[in-house]
Amino acid sequence: MRKVIGIGETILDILFRDGQPEAAVPGGSVYNGVISLGRMGVNVTFISETGNDRVGEMILANMRENGVSTDNVNVFPEGKSPVSLAFLNERNDAEYIFYKDYPRQRLDVTLPRIDRDDIVMIGSYFAITPVLRDKVKDLLDAAKEAGAIIYYDVNFRSTHANEAIKLMPTILENFEYADILRGSTEDFQNMFRMADPDKIYRDKVAFYCPNFICTDANKDICLRTAAVSKNYPVKQIKAVSTIGAGDNFNAGVVYGLLKQRIRRNDLAELTESDWDSIIRCGSDFAAEVCQSVNNSVSKEFAASYK
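Heads up: the sequence shown begins at 29 in our numbering, then just goes up one per residue.
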């Protein structure tokens, strides 16, 4: 059975609306997606770290409850599990404040076995920070050697825009590892000062990675590959929270690849119809998660969608 292996941060998101706390949910960019995939019955492993505290216990319990392996999560004895405060505005988009207290030694874990056509998910600052680069690169090298599909969500926040030039060699190295690259217009504005998907693909992505998906909140999803160039309208829904939208779009795309039995060697040959099915899964997952304060798709959705 093919596996999905994610690597990324874990965090407890505390959601505020109108200045009052509304919910506290375990989260993290790749974490949110792998929890959804676990609920869909996918064989999922997550590589991460968390503190030996109540928040860490919540994060690990949520993984186990949803069928995500915790074998490759480092529970560090010093430091504390990270927490974010997410303030929802009138459009239900979030503005974040992060609280982090990591130990000096980070991500002290053994990497899981990776087999051909497994899918490795990476993303956000976790995938480019110099502190964790050696471990992330070890995973990417192992994935490449095994013949796995590497899915990279850049998720480059405005808080790191001032580091873009310094981090660019690592970002581009990740582009080169990636088989599918996904980002939002906001990510690329922060990273390259560009927001036009065609220009981003032509000038910044295509040389490194042939398969590119660009999202833009409630505007069109843009797919650009060597063979297919297509825009997909986004489902217009009444959103409760958009926090997990991009993360679950990623999960849906990965689920679509598995559902369609698409292997790494198939990627270059995918037709417009193949991509239609894959993007539809991404859109369905994203639309579902926006309709609650949870960071992952509901168990009811998972049961009906399988």
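A few of these clues could be false.
As the list claims (entries may be wrong) - Pairs of lysine-lysine, DSBU-like flavour, derived with a Cα cap of 30 Å:
(1) Lys165 / Lys31
(2) Lys163 / Lys194
(3) Lys163 / Lys232
(4) Lys165 / Lys194
(5) Lys108 / Lys194
(6) Lys247 / Lys287
(7) Lys266 / Lys287
(8) Lys263 / Lys232
(9) Lys163 / Lys128
(10) Lys108 / Lys165
(11) Lys258 / Lys227
(12) Lys258 / Lys172
(13) Lys247 / Lys266
(14) Lys128 / Lys194
(15) Lys31 / Lys227
(16) Lys172 / Lys194
(17) Lys287 / Lys258
(18) Lys172 / Lys287
(19) Lys194 / Lys232
(20) Lys227 / Lys247
(21) Lys232 / Lys266
(22) Lys266 / Lys334
(23) Lys247 / Lys263
(24) Lys263 / Lys334
(25) Lys258 / Lys247
(26) Lys172 / Lys232
(27) Lys263 / Lys327
Stated by the list, open to error - Distance ranges between label pairs, derived from CB positions:
(28) Ile193 / Met29: 31 to 37 Å
(29) Asn190 / Glu297: 38 to 44 Å
(30) Ala89 / Ser186: 28 to 34 Å
Think of the hints as simulated: they come from the structure by calculation, not from any bench.
No residue lacks a Cβ here, since even glycine has one placed at the ideal position from N, Cα and C.
To see whether the hints hold, each was checked on the structure:
1. Distance check on the hinted pair: Lys165 and Lys31 sit about 19 Å apart at the alpha-carbon level, within 30 Å; holds.
2. Note on Lys163 and Lys194: the hinted pairing holds, with a Cα-Cα distance of about 19 Å set against a maximum of 30 Å.
3. Restraint check: the Cα-Cα separation between Lys163 and Lys232 comes to about 25 Å, which is no more than 30 Å; the hinted pair holds.
4. Of the supplied pair hints, the one linking Lys165 and Lys194 holds, its CA atoms being roughly 18 Å apart against a limit of 30 Å.
5. Restraint check: the Cα-Cα separation between Lys108 and Lys194 comes to about 28 Å, which is no more than 30 Å; the hinted pair holds.
6. A hinted pair counts as satisfied when its Cα atoms are at most 30 Å apart, and Lys247 with Lys287 qualifies at roughly 26 Å.
7. Between Lys266 and Lys287 the CA atoms are separated by roughly 28 Å; this keeps the pair inside 30 Å, and the hint holds.
8. Taking the CA atoms of Lys263 and Lys232, the gap is about 28 Å. The hint holds against a cut of 30 Å.
9. Only pairs whose Cα atoms come within 30 Å are accepted, and Lys163 paired with Lys128 is accepted, the gap being roughly 20 Å.
10. The hinted pair formed by Lys108 and Lys165 meets the criterion: a straight-line CA distance of about 25 Å does not exceed 30 Å.
11. Proposed proximity of Lys258 and Lys227 is supported: the alpha carbons are some 14 Å apart, at most 30 Å.
12. Of the pairs offered as hints, the one joining Lys258 and Lys172 holds, with about 28 Å between alpha carbons and a cut-off of 30 Å not exceeded.
13. For the suggested pair Lys247 and Lys266, the alpha carbons sit about 14 Å apart, so the restraint of at most 30 Å is met.
14. Under the criterion of a C-alpha separation no larger than 30 Å, the hint pairing Lys128 with Lys194 is consistent with the structure, at around 22 Å.
15. For the given pair, Lys31 sits about 34 Å from Lys227 by alpha-carbon distance, which is inconsistent with the 30 Å threshold.
16. At most 30 Å may separate the alpha-carbon atoms for a hinted pair to count; Lys172 and Lys194 meet this at roughly 25 Å.
17. With a C-alpha separation of about 21 Å, the suggested pairing of Lys287 with Lys258 holds against the 30 Å cut-off.
18. The hinted pair formed by Lys172 and Lys287 meets the criterion: a straight-line CA distance of about 22 Å does not exceed 30 Å.
19. Straight-line distance between C-alpha atoms of Lys194 and Lys232 comes to about 16 Å, which keeps the hinted pair within the 30 Å bound.
20. At roughly 17 Å between alpha-carbon atoms, Lys227 and Lys247 fall within 30 Å of each other, so this suggested pair holds.
21. Taking the CA atoms of Lys232 and Lys266, the gap is about 34 Å. The hint is violated against a cut of 30 Å.
22. Our distance criterion of 30 Å between C-alpha atoms is met by Lys266 and Lys334, whose separation comes to about 24 Å.
23. For the proposed pair Lys247 and Lys263, the alpha carbon gap of about 9 Å is at most 30 Å, so the pair holds.
24. About 20 Å separates the Cα atoms of Lys263 and Lys334, which keeps this hinted pair within 30 Å; it holds.
25. Taking the CA atoms of Lys258 and Lys247, the gap is about 13 Å. The hint holds against a cut of 30 Å.
26. Our distance criterion of 30 Å between C-alpha atoms is met by Lys172 and Lys232, whose separation comes to about 21 Å.
27. Straight-line distance between C-alpha atoms of Lys263 and Lys327 comes to about 21 Å, which keeps the hinted pair within the 30 Å bound.
28. Look at Ile193 against Met29: about 42 Å separates their beta carbons, and that is not inside 31 to 37 Å.
29. Checked against the given bound of 38 to 44 Å, the beta carbons of Asn190 and Glu297, roughly 41 Å apart, stay inside it.
30. In this structure the hint that Ala89 and Ser186 lie 28 to 34 Å apart at CB holds, the actual value being about 32 Å.
Of the numbered hints stated above, those contradicted by the structure are hints 15, 21 and 28, listed in ascending order.
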